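These are the residues of each chain, in order.
There are 2 protein chains.
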Amino acid sequence: MACRFYLVTGNIHKLEEASKIVSRFGVELAPAGIGKLEIQSENLEDIALAAARHAYMRLKRPVLVDDSGLFVEALGGFPGPYSSYVYRKLGVGGILKLLEGARDRRACFKTALAMIYPPLEKVFTGNVCGTIADNPRGMGGFGFDPIFVPDGYTLTFAEMSLEEKNRISHRAHAFRRFAEYASARLGCGKR
Amino acid sequence: MACRFYLVTGNIHKLEEASKIVSRFGVELAPAGIGKLEIQSENLEDIALAAARHAYMRLKRPVLVDDSGLFVEALGGFPGPYSSYVYRKLGVGGILKLLEGARDRRACFKTALAMIYPPLEKVFTGNVCGTIADNPRGMGGFGFDPIFVPDGYTLTFAEMSLEEKNRISHRAHAFRRFAEYASARLGCGKR
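Quick mapping for you: the protein sequence lines, in order, are chains A and B.
FYI, the numbering used here numbers position 146 of the first sequence as 374, with every residue one higher than the one before it.
FYI, the numbering used here numbers position 73 of the second sequence as 301, with every residue one higher than the one before it.
For reference, chain A alone in the conformation it holds in the complex:
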């Protein structure tokens, strides 16, 4: 039996990417077709869970909502949950300017993926840590990808192929964890 979850996202590419990861675990994703309620919080898990509860109240179907951000160590975790807003306003240049003269350039991309599958509520997380590059490099990806170099690599996320990035990304980790759980504990994909 394949389990169907409704993913709240306005981005069809994100749906396709996530579908690739979870389909081999017997999980099928469908677009939720509703807007995402985003609360203000420093905690990604709280944001994702509030959005998932809100979506479930409207759809009354199993739902998934993910939220991601870049957490820069020397900036106390900024821009964190507000990464897309900060990217729109300041761009990668803003982060580089704030880090001028900083020795500590460590940062992590994090994802929280909230699932509502009544009566279950769970949040799966995925992190990838690395460093902020001195200058933007690469044309792929989006947002802060051109200045993020994951640990163990020399390329930025924006210099990697989509396939390579998806293998190690925070978002992919979170979706894999969810899919493993759905397969092992919810019986998705079993006859």
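No wet-lab data here; the hints were simulated from the structure.
You may find that some hints are simply not true.
Copies of the same chain are indistinguishable here, so a pair counts whether it falls within one copy or spans any two.
[Unchecked claim] Mimicking SDA-like on lysine to any residue, the simulated pairs with C-alpha atoms at most 25 angstroms apart in a straight line are:
| # | residue 1 | residue 2 |
| --- | --- | --- |
| 1 | 317 | 285 |
| 2 | 325 | 301 |
| 3 | 288 | 381 |
| 4 | 317 | 330 |
| 5 | 325 | 302 |
| 6 | 317 | 364 |
| 7 | 248 | 408 |
| 8 | 418 | 261 |
| 9 | 317 | 305 |
| 10 | 242 | 367 |
| 11 | 325 | 237 |
| 12 | 325 | 362 |
| 13 | 248 | 270 |
Bear in mind that the values here come from a model prediction, so they are computed numbers and not experimental data.
Following the hints, complete the assembly by docking chain B onto the known chain A.
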């Protein structure tokens, strides 16, 4: 008749300040005693209104919720609705660093004050514009007050007396507009 409104705020000083402004218009403020739901949006009015609706659903009493932010012109309005988060993470130094070399140092403090008085929903706004100082000055106020010089003044908000700041502040403007409306249109304070 004095009208009573429940103000959603965790800060007793804000309640007292606002009470002083509105009481002479026949409006009484009481603490709502509940948390504030804050959604993510670039628009202060949307944030205040969503919080007020949420509070009204719980209290079923006339409610007021305000939201404020500093909008820096050269940064596309950043930090805007996320001012308190950005202040905690980057401090005034972060804004000064982002503005290094910028000629345009204009900025506005803005407040949106949402009122629910069924069946009425209204948002009152207050703005004060000025410039970002080259260095922080003054010990009063809070947040970005030490780097904000309102137009027509040479002192920063943090160098002014509380009384003087309250006379010209964005927040005071919004509460005065609300109180004038309540007095003229809702009959508050009339026999």
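- Item | Structure-inconsistent hints, enumerated in ascending order | Going through the list in order, the structure violates hints 1, 3, 8, 11, 13 and respects the others.
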